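**Q** Read off the chains here:
Protein chains: 2
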Amino acid sequence: MPRIVQKFGGTSVGDVDRIRKVAERIKKTRDEGNEVVVVVSARSGVTNELLARAKQLNPDPARREMDMLLAVGEQETIALTAMALHAMEVPAVSRTGAQAGILTDSAHTTARIIRINTANIEEPLQENHVVIVAGFQGVDDLGQITTLGRGGSDLSAIALTYVLKADLCQIFTDVDGVYSADPRIVPNARKIPVISYDEMLELASMGSKVMQSRSVEFAKKFGVVFEVRSSFNQNPGTIVKEEASSMEDVVVRGVALDKNQTKVTISGIPDQPGTAAGVFQALAEAGVVVDMIVQNVGRQGKANLTFTVTRDDAERARKTIETLIADEEEGSVTVEGDVAKLSVVGVGMRTHSGVASTLFKALAEESVNIQLISTSEIKISVVIEESRSDEALRKVHGAFGLEQEALPKPQIGNSPIA
Amino acid sequence: MPRIVQKFGGTSVGDVDRIRKVAERIKKTRDEGNEVVVVVSARSGVTNELLARAKQLNPDPARREMDMLLAVGEQETIALTAMALHAMEVPAVSRTGAQAGILTDSAHTTARIIRINTANIEEPLQENHVVIVAGFQGVDDLGQITTLGRGGSDLSAIALTYVLKADLCQIFTDVDGVYSADPRIVPNARKIPVISYDEMLELASMGSKVMQSRSVEFAKKFGVVFEVRSSFNQNPGTIVKEEASSMEDVVVRGVALDKNQTKVTISGIPDQPGTAAGVFQALAEAGVVVDMIVQNVGRQGKANLTFTVTRDDAERARKTIETLIADEEEGSVTVEGDVAKLSVVGVGMRTHSGVASTLFKALAEESVNIQLISTSEIKISVVIEESRSDEALRKVHGAFGLEQEALPKPQIGNSPIA
Numbered sequence: 001m002p003r004i005v006q007k008f009g010g011t012s013v014g015d016v017d018r019i020r021k022v023a024e025r026i027k028k029t030r031d032e033g034n035e036v037v038v039v040v041s042a043r044s045g046v047t048n049e050l051l052a053r054a055k056q057l058n059p060d061p062a063r064r065e066m067d068m069l070l071a072v073g074e075q076e077t078i079a080l081t082a083m084a085l086h087a088m089e090v091p092a093v094s095r096t097g098a099q100a101g102i103l104t105d106s107a108h109t110t111a112r113i114i115r116i117n118t119a120n121i122e123e124p125l126q127e128n129h130v131v132i133v134a135g136f137q138g139v140d141d142l143g144q145i146t147t148l149g150r151g152g153s154d155l156s157a158i159a160l161t162y163v164l165k166a167d168l169c170q171i172f173t174d175v176d177g178v179y180s181a182d183p184r185i186v187p188n189a190r191k192i193p194v195i196s197y198d199e200m201l202e203l204a205s206m207g208s209k210v211m212q213s214r215s216v217e218f219a220k221k222f223g224v225v226f227e228v229r230s231s232f233n234q235n236p237g238t239i240v241k242e243e244a245s246s247m248e249d250v251v252v253r254g255v256a257l258d259k260n261q262t263k264v265t266i267s268g269i270p271d272q273p274g275t276a277a278g279v280f281q282a283l284a285e286a287g288v289v290v291d292m293i294v295q296n297v298g299r300q301g302k303a304n305l306t307f308t309v310t311r312d313d314a315e316r317a318r319k320t321i322e323t324l325i326a327d328e329e330e331g332s333v334t335v336e337g338d339v340a341k342l343s344v345v346g347v348g349m350r351t352h353s354g355v356a357s358t359l360f361k362a363l364a365e366e367s368v369n370i371q372l373i374s375t376s377e378i379k380i381s382v383v384i385e386e387s388r389s390d391e392a393l394r395k396v397h398g399a400f401g402l403e404q405e406a407l408p409k410p411q412i413g414n415s416p417i418a
Numbered sequence: 001m002p003r004i005v006q007k008f009g010g011t012s013v014g015d016v017d018r019i020r021k022v023a024e025r026i027k028k029t030r031d032e033g034n035e036v037v038v039v040v041s042a043r044s045g046v047t048n049e050l051l052a053r054a055k056q057l058n059p060d061p062a063r064r065e066m067d068m069l070l071a072v073g074e075q076e077t078i079a080l081t082a083m084a085l086h087a088m089e090v091p092a093v094s095r096t097g098a099q100a101g102i103l104t105d106s107a108h109t110t111a112r113i114i115r116i117n118t119a120n121i122e123e124p125l126q127e128n129h130v131v132i133v134a135g136f137q138g139v140d141d142l143g144q145i146t147t148l149g150r151g152g153s154d155l156s157a158i159a160l161t162y163v164l165k166a167d168l169c170q171i172f173t174d175v176d177g178v179y180s181a182d183p184r185i186v187p188n189a190r191k192i193p194v195i196s197y198d199e200m201l202e203l204a205s206m207g208s209k210v211m212q213s214r215s216v217e218f219a220k221k222f223g224v225v226f227e228v229r230s231s232f233n234q235n236p237g238t239i240v241k242e243e244a245s246s247m248e249d250v251v252v253r254g255v256a257l258d259k260n261q262t263k264v265t266i267s268g269i270p271d272q273p274g275t276a277a278g279v280f281q282a283l284a285e286a287g288v289v290v291d292m293i294v295q296n297v298g299r300q301g302k303a304n305l306t307f308t309v310t311r312d313d314a315e316r317a318r319k320t321i322e323t324l325i326a327d328e329e330e331g332s333v334t335v336e337g338d339v340a341k342l343s344v345v346g347v348g349m350r351t352h353s354g355v356a357s358t359l360f361k362a363l364a365e366e367s368v369n370i371q372l373i374s375t376s377e378i379k380i381s382v383v384i385e386e387s388r389s390d391e392a393l394r395k396v397h398g399a400f401g402l403e404q405e406a407l408p409k410p411q412i413g414n415s416p417i418a
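Line by line, the protein sequences are chains A and B.
Under the numbering used here, the first residue of the first sequence carries the number 1, and numbering increases by one thereafter.
Under the numbering used here, the first residue of the second sequence carries the number 1, and numbering increases by one thereafter.
Some hints could be false.
Below, simulated DSS-like cross-link-like pairs (lysine-lysine); rule was C-alpha separation at most 25 Å, straight line [unchecked claim]:
1. A:K55 with B:K21
2. A:K28 with B:K55
3. B:K221 with B:K241
4. B:K55 with A:K27
5. B:K221 with A:K21
6. A:K55 with B:K27
7. A:K55 with B:K241
Hints were generated in silico from the structure; no laboratory data involved.
Source: prediction; values computed, not measured.
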């Protein structure tokens, strides 16, 4: 019998009516002849309520107690989901992370899965039950409740798919799948039916809210095939899997825009070994996460170093560099917040020439100036002025022919359909 | 170092401000040189919210899933209480029922404690931590979460006091202690400083909301001394313990009134062996709980049988008896709802004469007619008309001199003091 893991996020189980709809979908999957393991998140809003109470009592709560507190969210959902299935005469049983055998290390609030003892899941499956597992949580070898951090429920689902040797993992969320571009900016963007892990990772790292990179990396490492699809309609979603030969026919899978970028330029610093290392060590110590880095060839023994950071980190980056420059008594720093990063992603591009030139030509035709360029195996990113970035995205999307298929208008957002 | 178990009910931990006050009290107890183990309930209201959601999804939820659901209430409270203590720089750690080693049978929603493995509590105590245990919940030998039913958190506290060999158990609630009568009816009632388990049981069974009989019975069985006191003031409460010789000086400890009574009379039934047995077997099968039973001497081979039931059970009792009488073709049934049961309780009364006559004389002076009388080792109960029962209670309270000591006006209810 085929075995399917279905994961439902917080919006999908946001109230009792939605939990009932989730149960109906589970029942349908089971009625079609599948063994079903379900992973659920906390109802949306619950985690924030719990955090608010915690902060009122303690501005810096202990991580162990935070895990104890947050784990109640999914525990509520698994019980309610089981009850909803029982009301439809579907045999079902719930499992906390600990009961599901999800053993983690003891890094509270950011625990890593060590192994999963599946006996407590296999047994009810053999007895024809749906097994409903609390996502996001596990237990360490001392019996302490742990949580897996952001995106933890996706990780629970993908890890369970692997250890249970399930045939498919479905990640139900409030978006319809992965698109060739953000449909709010590019109305004729189309849903990508199949995408590789690496492409998904590049898109995920670019602020696409579909999934955390961590879960995609785990799926890639263990070869877990999963589908991202909407819990509010019946449309097929996007299948994420290892690159397949047929996938190579497509050069560019999608284009993405990240407006949460600030460009920092350090000018006139010594062009000698160790300069860049000193800069990025200081930034790392200050907790600033650096994204793109470009260093120009210097003149007269001086170099210019440019990098991008998120806007939250911009002020911290400026102060760190100013302190460093003051110590060295050389160089100057400028911070520009009105920039955006536009990226073209596709596994095909590494075996095709011309992707870069198509991108640059499209931007030139829109008279958009390129401030920085950075390339990887499957991605080319450019930093451009933010005010023109939406038009630029639409232009580039069209230049790669991503809109060419006439498909139904993409659905996005959390409007449930009847 | 003295060891104290403190239990705080749902009202006492009803919001973050109250949790902070609870933490202050725990800190004070610890600062006074005690090892402290804390048992907490779910925030008041949480259980009802969870039940409401469950009922919307399933009118008859599975008990196992109900336990899974309800257990989140205390888990939230233990985490928040630990965080509040940490903010006061008190080392503290929380334990779910399972983590606290509270092993129960598998009777979901009404589980019984089998044993408690204290290692996970002793260890942090040795390390000078306050240990905060989720009341009401445990775990069966398959790792399933169980709950102990009504009054379960009191039971958790008393059982932990026993297995941890603690010196005292304090049950903090929204009343000040046990009174010689309900202060809302008898304004000059006084708080009883010390009471025996049996007296407490008689008062508890009479609708006194202080504690469930089950926890008192457990305390009696294992000789656990506990104190009932208010979480909203610093007043000493009522100590509940085995009868002590000094306690015998007092004849009557308190008087109680139970207005949730209905009197059922069956007249003209055969006065022969087996008649009463048939009646009460039929009532038991119908799920009717019978309180007082009185059978008068019959005449001409006929007997009258009178008993009391709660008002909820009155209609069911009537129907059961009517069916029985119809089968036997003899007798008639009358049901009177406007009655109350007044009881005089005290371990001293069994070695003193004159308690019954004092009671009857007091009622006679108030012109209150006695409809039924029932006696036990430590209690005399009478059924009287409800409309006069408040005056009767005040009169009887005075007749036994229970108001004689001039004490501060009793405080009751949940008005927190600063």
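**Q** Against each hint, give a clear statement of whether it holds in the structure.
**A** Taking the hints in turn, this is what the structure says about them:
1. A:K55 with B:K21: holds (16 Å)
2. A:K28 with B:K55: holds (23 Å)
3. B:K221 with B:K241: holds (11 Å)
4. B:K55 with A:K27: holds (20 Å)
5. B:K221 with A:K21: Violated, at about 50 Å.
6. A:K55 with B:K27: Roughly 20 Å separates the two Cα atoms, so the pair holds.
7. A:K55 with B:K241: Given pair A:K55, B:K241 is violated - Cα atoms ~41 Å apart, limit 25 Å.
The structure fails to meet hints 5 and 7 from the earlier list, while all remaining hints are met.
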